[in-house]
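Go by the hints and put chains B, C, D and E onto chain A.
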Amino acid sequence: MSDSLLLNILLLSPLLSATLIFLLNISIAGVKQYIYTFLALMGSGISALLALYISYFSYAENQVLGSHLFTWLSIENFIVEVALKADALSSFMILFIAPVSFLIHVYATGYMNKDKSYGRFFAYFNLFIFFMFLLVLADNPIIMFIGWEGVGLTSYALVGFYFEDIKNTYAGNKAFIVNRVGDFGFLSALMLLFIEVGSGGLSFDAILSNIGQIEPSMLSLIAFLLFVGAMGKSAQIPLFVWLPDAMAGPTPVSALIHAATMVTAGVYMVARFAPLYNLTLDVSLFIAYIGAFSALFAAIVATRQFDIKKILAYSTISQLGFMFMALGVGAYSTALFHMFTHSFFKALLFMGAGAIIVAFHHKQDIRELRGIRESIPALFVMMFIATLTISAIPPLSAFFSKDAIMSALYASGHIELFIIALVASLLTVFYMFRLIFVVFYSKVKQAGASNSRSMIYPMAVLTILSIFAGLLNVPEIFGGNLNISNWLNILDKQFFISHSDEIILMSVNTLLIIGVIFYTYKRYAYSDTIEKESEHSLVANKFYIDEIYSAVIVKPLYALSVIFDKNISHHLIDNTIHRLALYYEKLGVVFSYSENGNVRYYALYMLFGVVSGFTYLYILLRAAL
Amino acid sequence: MQNEIIFAILALLTIVSSIVMISAHRPIDSALAFIVALICIAALFGLVNATFLFVVQIIIYAGAILSLILFIVMFLNIKDENLPDEKNKNWWLLGTSLIVAPFGAILIDLIVRSDIAVNMVPAEGFGGIKDVGLTLFSKWVLPFELVSILLLVALVGAVTLAKRDN
Amino acid sequence: MTNELIALLVPGLLLFSAIFILLYGLSTSYTKEKGYYMTLVTLLVTFILAVSTISEKHSIEVLPDIFNSMLVYDTFSATFISLFLFGGFLTLAIAKSFIDKTSYFTHESFVLLLFSLFGMVILSMANELVTAFVALEIASMSVYVLVGLNRHSLKASEAFFKYLLLGSFAASFYLLGMMLIYAQAKTTNLDGIAEYILHTELHSQLLIVAGSMLIMITIMFKIASVPFGAWVIDVYEGASLPITAYMAGVFKIAVFAFALRIFLSDYISFEAIYDPLIIGGAVVTMIGGSLLAVIQNSVKKMLAASSVVHSGYLLIALASIEVSNQNAANAIIFYLFAYFISALGAFGVLSYISKGGDVLITFSDLDGLAKDKPLIAASLTIFMLSLAGFPSTIGFIGKFYIFTSAIEAGNTLLALFGALTAFVSIYYYFKVVVHLYFKESVHLSVDYGYKVSLAFIVISAFIVLWGGVGTSLLFDIPGINELNKLTEHSIESLGL
Amino acid sequence: MLQEYMILSIILFCIGVVGLISRRNIIVIYMSIELLLNAVNLSLVAISADLADTSGQVISLIIIAIAASEAALFMSLFVVLFRNKSSLDADLFDMLGSKK
Amino acid sequence: MSTLSILIFLPIATALFLFFIRINIQIVKVLYMVVTSIILYVALKLYIDFDPNAPMQFVEYKVWIREYGINYFVGVDGVSLGIVMMNAILMPLIAIALYKQRDKHGYWIHLLFVQGGIMGAVLSLDLMLFYLFWEIMLLPIFFMIGLFGYGRKNFITMKFNMYTILGSLVMLIAILYIAVQYKEQFGVYSFSLFELKNITLSSTQSILVFSGFMLAFAIKIPIFPFHTWLTETYRSAPTGAVIVMSALMAKLGTYAIWRFLFTLFSDTSHEVAPYFIALGLFGLIFFGISAMYQTHLKKMFALSSASHLSLIVVGFFIYDVYGLVGSSYLMVAHALSSAALFLMVGMLFERTKTHYIDSLGGIAKVAPRFALFFAFFALSIVGVPLTAGFVAEVLIILGAFNYNIYIGFITATTILIAMLFMFKVISKVLFGEPNEVTKDFQDLRMHELFALVPLALLVLAMGIFPNYFIKNIEPTAQFYILEKEAPKNDK
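Residue numbers (the numbering used here), protein chains in the order written: chain A, 1 to 625; chain B, 1 to 166; chain C, 1 to 496; chain D, 1 to 100; chain E, 1 to 491.
Here are the simulated DMTMM-like cross-link-like pairs (lysine to aspartate or glutamate), alpha carbons at most 20 Å apart as the crow flies:
id, chain 1, residue 1, chain 2, residue 2
1, A, Lys-116, E, Asp-443
2, E, Lys-365, A, Asp-115
3, A, Lys-116, A, Asp-165
4, A, Lys-363, A, Glu-164
5, E, Lys-424, A, Glu-547
6, A, Lys-363, A, Glu-533
7, A, Lys-167, A, Glu-547
8, E, Lys-424, A, Asp-546
9, B, Lys-139, C, Asp-191
10, E, Lys-424, A, Glu-164
11, E, Lys-365, A, Glu-164
For the record, the hints were derived by calculation from the structure and aren't laboratory data.
Isolated chain A, as found in the complex (with noise of 0.2 Å):
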């Protein structure tokens, strides 16, 4: 089997398990389900497959598979291939998203069970790994961006997925158009790298090779721009707004795509161009800054959220916002590292609230959800562990990869990078303990419905793989050999950080971890603390950034098309239209005043033409003469 083929399949089973599923489904009604069930895991299970093996020959021989499938656009330079490239960086990004999207569509088989629109969800399921899996592997950014988008267009679907309400409908309508905004940014981005530097190719190789060309001023615009996409993507702010909401849609897609694989597309991307970043060191400490920013107020705001997603939609913003302090300081495989770890806890605590929620009747909140940790002792397990290592306790795999990135930050010497990711980094403990203490820890108890092994199973692997996916990147200091870092081989900055500094920031943080830990527990469990808490603060109420977005950009936009239509079509150029129309045929009425019907004005007006005719003549005569 040659290699490109082997790419070709693993991007387009998904593609070719959706296109089934999507035409029986509306073609046919009732299929069984295990048809759908086959066709989906079939899809996944093929590309997860080939995902592990095609990593495993990038990793361990360093070989680049690549694939041409056709010429997508050709004008004069611009020469768009749809070819596929999986180098090491690729290969890392499919090594987590293929897997981890096959646990999840095995998760969704029990999650979605009986569900009437199972064909549907699969359909839309498969499709986005499509995209997903052109979004990572494209080898022009281009391509890049179709997958791009093509994840914001199915993340709409799945978001709205239950249109019945159209709350949810809406929710997927703030996902895809929050995300287009960062859109607009990649794309212009694109198309000002195309005009710098297209001429030379548009590959990744080709485009990366040539940035030097391009004059500072104009490269710092491209790199905030392409800066602007992942923030719409990876919900940074200030364009976060949509994640939180995406929460509608059912959990599996929350795991998957709001967790574990898209929203994570913007690290990659920021990644990607690391030689771009690398050049503009202005826009990397803004990247820097908006992470930062993002990881506290996500924090911040997580801390006071009841709805068990919401606690998570947060979580995942602040954990994003750590990827981009990294990313911004230079650390980008310790950023893409962070990233692979969290997949699979945060996969893995979406798919226990996915749980959770399914055992206990569709509750998502955490003050009706408590005590329950009884009922469902395997997924409290779970949970908690997936907890702790969140919260970076050692060694669990959190541990390495989020205190790499605190060391970095420490050694890049922006120390008030560090504090606030210090900061991010204990209230992330606080609010997910919050989380688990307030719904396993309590004095009430109910009982709920038992869990499927198609969603149990999942789960377990993920556990496991939170556990130890940090062995794959251990620090020296620990004797490892960063292997993951070696591998993707990206232009890291390189920071010096002594090892009893390392250490003792790993110590302190450790220890103030576990005071946090303590801290909760003594708040929440086993109290009613969580009661107390109000819904109407400012934090609960997220600082009010919907309102100010709707005040600021929505409101204005719709008295502007207001004012556009009504005001300015309609009134000011249609009436002057139709007053024009109007004053004509006024003005023929006043006219007709003349035709009275009587003869003899009628020869007067014959007589007032000979005059006035005579008066021109005679005065041209005279001038002649």
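The following block gives chains B, C, D and E in isolation, referenced to the frame of chain A:
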């Protein structure tokens, strides 16, 4: 010189009677003033040796047409109270005169400016019936014939319009 | 047959036929049918005679010894004669239903129609002012009477009154002008005047300029240009429909025949003096006409008012005639044909559906006619499109020629103005279409009968379309090119 | 003499025009029209005398004939109008106007 | 008869034939299908035989009005090919989708007529011929709105008609003006596009004449501020007419910019391009934002069309190969999507008797197929990847950035603009719980699917394999660019 004086008197008379014609309230007065004007014009014809035209003018205009008008006036038996009540007649007359004045003035100015008189001396018998007749039947036979058709048309038309239903 | 013979035969036949019907009408064996068909046959025969002489360029003086060079028979006059004989024929043919349903089309009406055509024939051949005037008067007086034909109708009488009064008024201007020209040029022959103008300076042409202006005013009166055309709506409305059609289509052509001849032979020397006047006239005519047309409720009055606008277009072309370039004259002839066939058709349709009544045909009377009588509605629509100058109709080609010639003469703005009035005219012409097709029918289905009238309406509609797209590429029927060639020959024959 | 004649004729013409427009009585209007024609005739005859050419007189003869035919039509007009409205007031006949 | 003449005259001749022959409506429909299918077949053959690299093909030349040098002169190149194909494809599909709804002879006759008219206008290379078709294709629409429209149809069809004719008449004068100029410079009249472009005009002249042409096109497209006929007209027009107007006739306006203005006044076009780019961009945003608050589906889609057409105008006036190709591509792409959307709005109206989005909702639940297609076409208007619109928008944005970076940014807002309203439509119409109006909504019938599926496939194909289609347009665009850049020989 004598001719000029006669011309002046006749011209004045013509103008005065024309003005009377257009301003008289009753049509019968107008008609009588018009007769005077027509006769003056006939005399002016005579003054330039147009003897045949002089006769024709008297016969056709003063005789035929005017009697036709008078006949109509009588026939229709328009009483004074049936006459239009022309309250603003004088204003109209004045206004129209003012409007038409530039037209007349311009034409008169143009006529004065143009030196059109050639002052040929007429031959013997000029303007007599024979002279006119010869010209009419040599040079102007076509218009003449056409006029006959025109009269026929007028006749047919008048009959068509004025005849009673059977 | 020689051209001279035809030149005599055509008016002669008309005259003979007129007098014959006049006398025959007194006989008891006379019926309306007979009179109608005699007239029709006369027109057909004379038309065929005239049309046989239009194919080539020629120009002769008719009996120059007897008529003293007062009549000229050239392609120009042949074309015009064919045009209005055809027009008269078509009017009468379409009016069949109208004539049958009314009582006032007595034998005199046919006589007068023939007389008026006779007058027009002479007018288009006249090469001398007095002859032309008498011919014009023959035509006019016949038409005056035709207007007032329906003696019992107050409207007709009033129209007759206005037309007669104002017509006489205008005629006196003609006479005054003729007198002034004669006073200076010492001749009334067009060629003689042209010669005089050619050999003298402006200061000895003053009276000719003034006189020509007065004659032009008469022409403007006859073609109903603002401000001399105030009569037109009233008179068109008062007259019965076939007569209105006749006036709008045929009579206007005859007047233009003379106007063009006099313009091309004499006035053209004063082009610089008259152009601004004609342009001014064209502008006010177009504005005035379209202002009046938009407010009308009666279709007939709307058509009348719009005929004023069409006169405006003709004036545009008239103003665009230049010494060096006489394309505009071709344009006028073409446009006259275009207008006449369209207007005739439009009035014809109205007369066809009016059932001979004296009632106004308002727009709402046309409501929903298309459902009932699709053929009539389609024909009327075609006529409206043509009048509006919509492409694929002859009216468009006419406008095209006029605007082109105007631009060629440097009157681009005038052409633009013409286009804008054409734009306004879309409103009132399409209003008819709207009523025909889009409004619900209010009256019951009526059988109009008279397939002959209908046939001629449809034929006219086809001519309108053929004149708009027709080309000998498709069938061997004379189309735009041939018409164009004809107009060119006509104008060129004036110089022969 | 020619110019004087022509000036007189213009004056008469103008008077005729004034009468035609200002007066409401149709008979007077008709007479004004006749006056217009006579004014023209006057000049033609004068021109004829000046040129010593009878053509001018012939033309005026023709004009007189035309005037006669006009007269015929006007007479019938009077009859028709009077029959309809029992009046010869020009202002009464305004039913065809387009005034709104 | 040769290919192009068949395309133009077969529909017209059939329409005329059907007008005079009163036959059963079923036969009319069958005949309609037969004729439009023949046209489609001929057009496809044309597409296959089309040689992308040859300048003007299938040229036919016959003398029409000799005296004035007006000829029957038609030909096809990369620019016109797209509209020809759209015309050929859409017409049978309209019939398939609507054949049950419309039982009036006139409907089909007018559609045939307009097909021929549009073919003629697109293929004409003689200005008078173009003008002829440009005007007569108005008539069927005028009649269709008047006969089968809704609301204040009479007023609106008149307004539309007059508005358009105003532009046309001014254009007529402009055409005549350059023809006369040609005559003065070369001694004979000619209305042939390729001869007229040799004339030399002063800059004032050429700007004035340019404006004359542009007015007509601007009204037809419409460009701000000549758009006020648009919403009302679309709202009142029956489905067939709306499709023809939005998918074909409006595109003719933009097509004509390229075909005539760029050929005749390439310098002037270049000079005034900034103004039209500005106007186009303003229109893009203006119409997009105007559409936001609409509740009437057709009005909203009308404004959406206007917004996209403004984008097309921007693309053309950017006047580089990306702009030209992108705009031509968008013409076709938008034609497909908007035709399908209006078709579906028509189906919607037929089923629910309403056009107001507020009274709709929940259709996705009762009619999933309908919802699917509706959402698909709506999204293709928004320009999501894998649809044709995306390709076109990317190209236009690229051209815009190439032209000027600020223009580029404003142009790029196009990917935001359409969303402002499109998502509102999708949500309100398709999603939520079905209400009284929509609870018995019938899903797409078989024949409707037959009409929509080809459109959807074509939109997808054009989005996924754009190069296959663009290779037919690009050489023509390149040709124009070369011509623009080449200095005029006699100046």
